[in-house]
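Chain A is already provided as a structure; the job is to place chain B with the ligands on it using the hints.
Protein sequences, first through last, are from chains A and B. Using the numbering used here, the first residue of the first sequence is number 39, and each one after it goes up by one. Using the numbering used here, the first residue of the second sequence is number 1049, and each one after it goes up by one.
Hints listed in this document are in silico derivations from the structure and should not be mistaken for laboratory results. Wrong hints could be hidden among the right ones.
Said to hold, decoys possible - Heads up, simulated BS3-like pairs for lysine-lysine below, C-alpha to C-alpha not over 27 Å straight-line:
1) B:K1594 - A:K81
2) B:K1470 - A:K81
3) B:K1248 - A:K160
4) B:K1762 - A:K91
5) B:K1587 - A:K91
6) A:K91 - B:K1248
7) B:K1627 - B:K1594
Claimed, not checked - Over the 12 Å line for every Cβ pair with chain B, so calculated as not near, a few chain A residues:
8) A42
9) Q44
10) E50
11) I69
Since the model is a prediction, treat every value here as computed from it, not as a measurement. Ideal placement from N, C-alpha and C gives every residue a C-beta, glycine not left out.
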Amino acid sequence: MSLATQLPRTGEGNIEINQLSYRDYLSMDEIDAIEHEVSIMGKRHAAGIEALKLVQKNRGWISDDSLYAIAELLQMTVSQLEGIATFYNLIYRQPVGRYVIHVCDSISCYLTGYQAVSEAIKAQLGIGYGQTTEDGMFTLLTNACLGSCDKAPAMMIGEDHFEHLTPQSARDILQQLQQERGKKPETTQK
Amino acid sequence: MDKFQPNQSTTQSEIAKPMEVKTDLVTVHVDGKAVQLPKGENLLAAILSKKYNLPYFCWHPSMGSIGACRQCAITQFTDETQQKGRTIMACMTPVVDGMFLGLEHAPAAEFREQVIAAMMTNHPHDCPVCGEGGACHLQDMTVMTGHSHRQYQGLKRTFTNQYLGPLVNHEMNRCITCYRCERFYKDYAGGKDFSACGSKNQVYFGRQQDGVLESEFAGNLVEVCPTGVFTDKPFAAHYTRKWDLQSAPSICHGCAVGCNISVGERYGSVRRVINRYHNDINGYFICDKGRFGFAYVNGDDRINKISGIELATAFKPHEFSIAMARHNAKTTVGIGSARASQESNAALKQLVGRENFCSGLTELQQECLRSCQALMLQNRQASISDIEQSDCIIVLDEDLTQTSARIALAVRQATRNAAFDKAEQMGIPRWQDDAVRTAAQDLRSDLYLLQSKSCKLDDVAAFCEPMLPEQILELARDISDFANNPHPLGLAQTRTEGSHSESQTLLSRIVQSLQHAKRPVIIAGCSHWHLALLQAVEKLATHAPKNWQFALLPDAVNAMGLVSLMDEHTLSLEQLQAKDLSSSAVIAMENSLPAWSSEQRKQLAEQAETLVVIDHSRHQLSELADIVLPATAFTESDGVAVNYQGLAQPFFAVKPQVKPMHSSWQWCQLLDDVFGQGTLIGLQKLSQLRSYLTDNVTGYPDMNAMFAQHLLFKSARQPMRYSGRTAMIANQTVHEPKNPVDSDSPYSFSMEGPGNDDGYGHALPRSFSWAPGWNSNQSISKYQVKVGGVMSNRADMIRLVGQSEPSASRAQTSSSAKRNHRSQRILGLQLRQLEHLFANDEFAGKIAEFNLMAPPPCLLINTDDTGKFNQGTVSHVRVELTDNSSFIVQLIPCADIAKGVAYLHHPRANTSPLLDLVVSISTVSDADISAHQQQLSENLEQILQQKNRNLARLQQTDQRIPIQIVGEGS
Ligand code: SF4
Ligand code: SF4
Ligand code: FES
Ligand code: FES
Chain A
39 MSLATQLPRT GEGNIEINQL SYRDYLSMDE IDAIEHEVSI MGKRHAAGIE ALKLVQKNRG
99 WISDDSLYAI AELLQMTVSQ LEGIATFYNL IYRQPVGRYV IHVCDSISCY LTGYQAVSEA
159 IKAQLGIGYG QTTEDGMFTL LTNACLGSCD KAPAMMIGED HFEHLTPQSA RDILQQLQQE
219 RGKKPETTQK
Chain B
1049 MDKFQPNQST TQSEIAKPME VKTDLVTVHV DGKAVQLPKG ENLLAAILSK KYNLPYFCWH
1109 PSMGSIGACR QCAITQFTDE TQQKGRTIMA CMTPVVDGMF LGLEHAPAAE FREQVIAAMM
1169 TNHPHDCPVC GEGGACHLQD MTVMTGHSHR QYQGLKRTFT NQYLGPLVNH EMNRCITCYR
1229 CERFYKDYAG GKDFSACGSK NQVYFGRQQD GVLESEFAGN LVEVCPTGVF TDKPFAAHYT
1289 RKWDLQSAPS ICHGCAVGCN ISVGERYGSV RRVINRYHND INGYFICDKG RFGFAYVNGD
1349 DRINKISGIE LATAFKPHEF SIAMARHNAK TTVGIGSARA SQESNAALKQ LVGRENFCSG
1409 LTELQQECLR SCQALMLQNR QASISDIEQS DCIIVLDEDL TQTSARIALA VRQATRNAAF
1469 DKAEQMGIPR WQDDAVRTAA QDLRSDLYLL QSKSCKLDDV AAFCEPMLPE QILELARDIS
1529 DFANNPHPLG LAQTRTEGSH SESQTLLSRI VQSLQHAKRP VIIAGCSHWH LALLQAVEKL
1589 ATHAPKNWQF ALLPDAVNAM GLVSLMDEHT LSLEQLQAKD LSSSAVIAME NSLPAWSSEQ
1649 RKQLAEQAET LVVIDHSRHQ LSELADIVLP ATAFTESDGV AVNYQGLAQP FFAVKPQVKP
1709 MHSSWQWCQL LDDVFGQGTL IGLQKLSQLR SYLTDNVTGY PDMNAMFAQH LLFKSARQPM
1769 RYSGRTAMIA NQTVHEPKNP VDSDSPYSFS MEGPGNDDGY GHALPRSFSW APGWNSNQSI
1829 SKYQVKVGGV MSNRADMIRL VGQSEPSASR AQTSSSAKRN HRSQRILGLQ LRQLEHLFAN
1889 DEFAGKIAEF NLMAPPPCLL INTDDTGKFN QGTVSHVRVE LTDNSSFIVQ LIPCADIAKG
1949 VAYLHHPRAN TSPLLDLVVS ISTVSDADIS AHQQQLSENL EQILQQKNRN LARLQQTDQR
2009 IPIQIVGEGS
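The following block holds chain A by itself, in its conformation from the complex (with noise of 0.2 Å):
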C-alpha cells in the first residue's frame, strides 16, 4: 500500500506507521501453495477464492490478520478480497466449530421437510443458526441448495452429504458424531 496516497489524519490521533509484512503471518508452505495457485490464474487477484480456502483449510478460518495477510501477497486491496470472502458461504469469516453443518433451506428442501429436520437439530445440538456449540464442536449453518434437490432435505457436514433427510436420520447422524467427543476436540480456533 502506498504511504504516500493514504497518510495519517489528524482526526484518528497519534499514528504509528508500521507495516506488517504478511511474512511474518502465513507460513511458507501456504505462501508457496498460493503462488502455485496464482501462476495458474494468471492474474494475482483471481487466485482469492484458492487463497482463502488454503488458509482455511489449515486455520479452520479466515481470520482479519489472514484476510489482510493475503490480500497483501496478492496485491489486492483488502475491502476488494473480504467482498469474495462474505460472498461464499464455505469462507468463515468467524471461528466455526469442528463440523460445520450446512442445512439447505431452499425450495426442494422446503417442500420435503426441511423444517421438521431443521427443529430436530437445532434441538439435539441445542443451537440456533449462526451458534457453535460450547464444545466447539458443532455450528450450525444454512445452505441455499447443495444440488441435491432429487434427495432431498439434504445437508452438509464438512465435505459429506446427508440425503433424504428426516428428523430421526438427523438426529442419528450428530449423535454419532457427538460420540467423538470424548476424543479431543482439534479446536481451530487460532
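Just chain B with the ligands now, with coordinates in the frame of chain A:
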C-alpha cells in the same frame, strides 16, 4: 494592454464531440403512442428523456446500466396488436425500430409494484428520522409504483453500521441493494476501501472495517445512493428537510474548476451544498471539498462588525462616509483577490485607479496565472467533458486529486475510452456497464503521470514513476520540441545515446501515444507555482496540432478573472512592498496575503497610513488593520467567478445580507465617495454596477445581455412547501415579516415566482431541483433535453476567450519573476509543499471536519533519503524558520516519492509562504516528541470541542423560532 472581446458563446464546444455517436431516431410505440427515440440507446434513458415517469434505481446517467434492481420493468409486445408480450428491463434493452412497449401494461406495472414490495421486506420504517426523507428516490419510486400498503409482516434483517469518518453517515438497514454506491465509489471514482460484501439477503456496502472513507469523492454517495444509507453528516447534525431549505444556485469556491453547486439555508445558517448539474463541467459529481468546504461561512471566525470607526448602531451610508472621511489619505492602493468576485475586483480597481491596483499576487504567481490565461484566451483549455473524452492524457507535476479534484475524476473516466472503443467493435453498447468492463479487463487509454510523488490516479496510469521536478520540466520541453518538429520515429534516435536513456524511452513512449491519439490533453497546474513548467506547456501549445487540448489549472476560484483585470500598471506584491505607502490608504479586499510572511504583513500595516481590510473571516491582517469592514461570504453575495476555461459563471446569495455586512463590491461603492473618484457613486444596484464595469473596466466581461435575460423573471429560492414563512419569528413578533427584497438577482427570498417548473425561467439556473413526483435530485432529468445532456433551461454562458496576443505588461514583468518554482533546498532535498484537498487553503483550517481529515504535521521523504536524518533513526524532526520559530513534524518515509524530494505539510503553510521561511531541519529529543504528541492530542480535543461549540451556537440561533426539527446527528 490586453483587451479581450468577450465572446458570447454557449458552453457546448463548437468542435463536434467524436465520442457522441450520432444516433438515428427511430419510431417506437409507447403505450400506443408513437415516439421518436435514438436507436441503440437504452430504453430507460430514452423513455426518461421523453419525460415519461418510469421508476428505476440502479441505472445512473453517468454510470450506465447493470440491471440489478429490476425496477424499470416494462412490457415489450410481440406485435402491434399489443396483446402478447414479455417483461423486459428497460435499462438493459436497446431501442430498436418499430418496438411496441407497454409502460402502463398491467403485468409490468404490477411487477414494478412488487419489486418495491420486496424491498420493503427489509427496509426499516425509518422515514421520519431519515436524512433522505422528503427528498428520497425510494419514497418517490414507491409512490410512483402505487405500492401503498406494507404487505410483509415478518422480521427484518438488521445490520451494524460503520463509522465512515466525519463527513458521511452510514445506515445500512435502509439499503435496497441497487449497487450504485459500489459502482460509483469503486468503479467510477476508483476508491479502494469500499465493497459489496456478503450475499443473498445480507449484502452489505461499506468498508472492510470502521474508518474514514479515503476517496475525495465519498460525499457523492449521499446523492448517488437512492435511499438514506449514506447521508451528509454535518448536514444531519444540523438538519432541515429539503422543502424547508431556501436554496440558490452557486459556484464552488474551492478551486478554479468552477463546479456548479446548489446551496441550502435555513434560519440564517447555511446547511448544505449539493451538486448542481452542469453537462460540461461537474456533471452529476463534485468533490468533497466542494460539498463540505463551505462550512467556514457558519464559523466562529466570521467578521460581523465594523471596527476602527465609530458608527451609530444602524448602518447608514452617509454616516459611514463621514466617519471614513477622517481616514482619507493622499492616495489609495487597493489589493484585489483571486477569491473575490469579478465585480468586487473590478469595482476595487475602478475605486483606486489602475495605477494603484495591486493583484495581491507575487510576481511568480502572476506569471504562472498568465500562462494559464494565455491558453484560456486561445480557447484551448479543455472542459471536463473534453477531458473525459480524451484518449491520451499527460499530467505534469500536479496532483489533481488534491488540487482540482473534479478534474482528476474526469481523467479517470478518460482512461476508459479504449475500453469503450473495444466494446463498440464488439457491438456492446457503451451503457452496458458491466459488459464493457468485462470486455475491457485492464485495457486503458494512455495516462502519463509525470510527478514526483505517487497519487490516487496511479492505478489507471500507463506511467507513474516518481521523478524530480527538473526531469518533468525537461520532458515537457522535449514534448514541446517534438510538437514543433514532429519526427516520425520519435526523438530517441535524434538525441545522443547514453546518459538519460530511461527518460528517452519514456519520451518516445509519450510521443508515440500523442501521435496516435485523436484528442490528447496535457494538464498542469499551479500548486507548486512551477513557472518554467507552465511556460513550457504554453510554448508547447503554440505549435501543437489543433486537436491537442490543455488544462492549465490556477489555484483559486476567480484567479482567471483577476488576471484578466491586470494591466501593465497592476502592482505585484513585490512592487507594493517597494512602494512608499506613508501617505496612502491601503484597502486589502478578501485577501489575507497568504503569499506573505507575517513579518511582511506587519510591515504593510505599519507603513500604510491607514490599512482597511474588507473580508468575511478573521486573519492576521484583519487583526492588524486600522479599519475592518465585514464582507459577505460567497453564500451571501451575488457575483461572477471566472473558471480555468474562462467561463464567467454567476453565483447567487442564498440568504439576505445581515447589515453591516456588505458584499465587497458594495464596500468599494460606499468607499468611492471618500477614497475614489466618485465614479461608482449611485451604482447601488448590482445591475447598474455591472453595466458601468462593462463599459469602463477592461477585463470585466459584457454580461448585460445575460443578466437582463435573467432579471426578466424572478424565481423562487424557497420550495412551494416551505414551512413557517409567516411563523418563523412568531416567538419574537407576531407581525408577519416582509420578505427581504433582492433587487440584485433574479431570485426572490420567498416561495413566489416561477422557476421551479419548466417554461418560465428558461434562462435561469435552478436554485434547487424538484419536479412533481420527483422530490430527490434525480428530478434533474425533467429539466434536461435528454438525460445526461444539456439543460433545457441552459443559461447563456460568457467566456473570456478569443484573443491570443501576449500582453505588453507581460513581457515587461516576466523577467522580474526571479524564481520559477516555489520550493526550497534543504539537506540536499528539494522541499515542496504537500497538496491535500482538506488542507490546502486558509479556510480549510477553519472547518473542524477538514482539520480531522487533514494529515498531522509531517514531512514525506523517500525511504532511501532517511539516512539524511541521523542515519535514519528518527521519527520526528524540527523545522526551523527564519523568524526563529520552529515546529515539529513527523517523518514519513515512503517508497513512492522521488528520491531527493521532500513534501512538507504544516497548517502554517496555508497562511504563509512556509517553504520560503524554512532555514533548517534539525533533530528532536524524545521529550520533545512526546510533548509534540501531547500537543497534537490537545489540538484534536480542541477541534472536537470547536465542532460541538459551533453546532451548539448554530442550534441556538435556530431557537429564534418555536419549531425544533431534529435530524440524525453525529
Ligand atoms: S447503500 Fe444505497 S446505493 Fe448502495 S446498494 Fe444500498 S441503496 Fe444502493
Ligand atoms: S473540483 Fe474544485 S470547484 Fe469542483 S467541487 Fe471540488 S473544489 Fe469545488
Ligand atoms: S433445494 Fe435443497 S438441495 Fe437444492
Ligand atoms: S434501473 Fe433497470 S434494473 Fe435497475
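Checked hints:
Between K1594 (chain B) and K81 (chain A), the direct Cα distance comes to roughly 40 Å. Violation of the 27 Å bound is thereby established for this hinted pair. Restraint check for K1470 (chain B) and K81 (chain A): the C-alpha separation of about 21 Å stays at or below 27 Å, so the hint holds. Between K1248 (chain B) and K160 (chain A) the alpha-carbon distance is near 23 Å, which keeps this suggested pair within the 27 Å criterion. About 66 Å separates the Cα atoms of K1762 (chain B) and K91 (chain A), which puts this hinted pair outside 27 Å; it is violated.
Restraint check for K1587 (chain B) and K91 (chain A): not satisfied, since their Cα atoms lie roughly 58 Å apart, outside the 27 Å limit. Between the alpha carbons of K91 (chain A) and K1248 (chain B) the distance comes to roughly 21 Å, so the proposed pair stays at or under 27 Å and holds. With a C-alpha separation of about 44 Å, the suggested pair K1627 (chain B) and K1594 (chain B) falls outside the 27 Å cut-off, and the hint is violated. Remark: the non-interface label on A42 (chain A) conflicts with the geometry, its nearest Cβ contact in chain B lying 4 Å away (cut-off 12 Å).
Not every C-beta of chain B lies more than 12 Å from that of Q44 (chain A), the closest at about 7 Å, which undercuts listing it as non-interface. The claim that E50 (chain A) is not at the interface with chain B is violated, since a C-beta of that chain comes within 12 Å of its own (minimum 7 Å). Residue placement check: I69 (chain A) keeps its beta carbon more than 12 Å from all beta carbons of chain B (closest about 21 Å).
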